[in-house]
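*Asks:* What follows is the residue order along each chain.
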Amino acid sequence: MPAELVIETQALCKVFGNQKALDDVSLAIAPGAIGLLGPNGAGKTTFMKCLLQLQPLTSGSAKLLGREVGAEGREIRKRVGYTPELDCHIPGMAGCEYVTYCAQLCGLPFQVGRQRAHEMLDFVGMGQERYRKIDTYSTGMKQRLKLAQAIVHDPEIVFLDEPANGLDPKGQGQILELVQSLWRAYGITVVLSSHMLQDVELICEQIIIIARGRVLVHDSLANLKARRRGSAEVVVPGRHEELEAACARRQWPCELLPNGHVKVGHRADSLNPLLEMLHQIQLAPLEIIPSPNALEETFVQALEISHAAA
Amino acid sequence: MPLHDVNYKHWRGAHLGVWSRRRAIAWNGLTACLQVRWMMNLVVLCWGLGLAAAAVLFMAGQLLVADSAVVQWVSNFNPMLQMFAKSLTGWLTDHPEISVGTTQNVLFYFIGSWLMRVSIFALGPIIPLLITRDLACNAIVIYSSKAVTRGDYLLGKFATAFGFLALTWLGPVCAAWFLGNLLAPDWTFFWHARLALENLLIYGLSSMAVLSVLALGVSALSANEKSTTAFWFMWWILGGVIVPIGQHTRPWLCHLSFGFNINQIALHTFRVAENIRKAEESIPILSTMAGGLKPATRAALESPNLAGTGLALLVMLCLAAWVVHQRVKPE
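Chains A and B are the protein sequences, given in the same order. The first sequence lines up with residues 1 to 310 when you count with my numbering. The second sequence lines up with residues 1001 to 1331 when you count with my numbering.
These are calculated hints, taken from the structure and not from any lab test. Computed from a predicted model, the values in this text were never measured in an experiment. It is possible that part of the hints are untrue.
[To be verified] Simulated pairs of lysine-lysine, DSBU-like, Cα-Cα distance not exceeding 35 Å:
no., chain 1, residue 1, chain 2, residue 2
1, B, LYS1009, A, LYS63
2, A, LYS142, B, LYS1009
3, B, LYS1226, A, LYS133
4, B, LYS1009, A, LYS170
5, B, LYS1329, A, LYS142
6, B, LYS1329, A, LYS20
7, B, LYS1226, A, LYS142
8, A, LYS63, B, LYS1226
Construct all of the structure, not just a fragment, from the sequences and the given hints.
*Replies:* Printed below as a string of structure tokens:
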């Protein structure tokens, strides 16, 4: 892990009335593409807002880019970008004016801000519509604009709250491709909050799973996948009972899924024991999917733990 | 073609200071204000009134020159008027502090007060542009996520309202003062009229500051544009209705009107009644002319005790600050 951490929190708590939105969150996060996962109301947005000082902390401490949150607001936010989940724009402005204005609010001179606004609008794929009033934009355009305003001042870290919300699949793919490039090609740390597991899996290297205000998992995606190695979905043309019986003899958990696949917990790092068993019972599979939805399983498992604890 | 074939570029320049960000907020607000329908026309009207005031000052200045075109023109109507004009000119020339200083002081009280009403009217349509729209569109979240604090945001918005009033009030009256004295028969007019300018600035700047804070408070009341504009006009108009009632029943009621309180500041600053009395004492002919003033008018022009006004404005400002504090939050 690099010596410099982008986010450090110690026993971070945020309470709304009698409800704990964040409960004793302690994290040390290195630069990279970080996925913040959790169901609705888990505390993902509150966590980001606390770091950005949009919400005051109830207790605990936090550092963002090595600076104390709460003490150096302006200095921190000069180096941070944020795309809120909800539509937030300044009405009556054209897209390029808005992004230029956002650059000025971060301390860029007007001329530089205007030039960068156009560059960022090109980057997010906006054409002549940048000269139209924002009020007339479609959801997709607004999402692109939100991304442009978040990166116009060249931040070191950018917080993206559900950036692909409300987009069609093509639009989602384009936005996610852009977000992916921010870290991989340009070295900007990305904190992506989403409940879309496949989006996070596509972009992020580090995963934080939050539920009921508590951090349940913080690990790399590779480690999370490795944790779940040992299960596979087997697609067979019938003979399910035979496969289930063979699994039972080996005391492997086995489950027939609604889609007709058979999920087998073979408890090994490789698929060899499973292939050997299939060979023994002379069953030729149509397909074997190793570690299916590893992240999803971890996510669901973590949530179950959370619910059980509650 | 991939979507992001235009590469991202890093920027490693120096950031500007916080005042440039506050200025950006103010400038952006002011630009938006001037884009409101008819607003440019209103601003032009205010400057036109300022020019008209300069013309009045020019005419008044010409009365001090015996052979001026104005005196000649007046004399053409009646030979008696010529005598009167010449004797008046003589008196006025002997007492420049009265003829220039006091005259301009009284004139600027009326010009300033009248133009302030136009400015208060013009503030109505721009009230929603201060905070209301930002509340409606969650723009507060965007501001809060940038390198500005809530204080910077409010300072920028205050500067927007203040700047707008400077455009509709301070600019025109100062231009009137400058042009009026520039076109006067003598450069010493600038010196003799300095008190009028000083009073203008004291009254104008304090009133503009008060009105700006009140406008911010009203603007933060609701996220509905029509509601905030309606509230501003209703407060102003109802205040105007309450004042004559309050004067005959309960005087404290008058202080519910911010327009009344601001006029009290003007009366206190310009000391109109005192100035008229001083002029009457120094130039007897003016005493005859001012003798036509009704006692009620004289009483209305008397310099008021500012305690009630101060308290009322303090309460209004505190209320406005409380509303802004409660409403202007990222969430």
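*Asks:* Would you mind marking each hint as holding or not holding in the structure?
*Replies:* The hints, checked one at a time:
no.	hint	result
1	B:LYS1009 to A:LYS63	holds (27 Å)
2	A:LYS142 to B:LYS1009	holds (22 Å)
3	B:LYS1226 to A:LYS133	holds (21 Å)
4	B:LYS1009 to A:LYS170	holds (25 Å)
5	B:LYS1329 to A:LYS142	holds (23 Å)
6	B:LYS1329 to A:LYS20	holds (20 Å)
7	B:LYS1226 to A:LYS142	holds (26 Å)
8	A:LYS63 to B:LYS1226	violated (43 Å)
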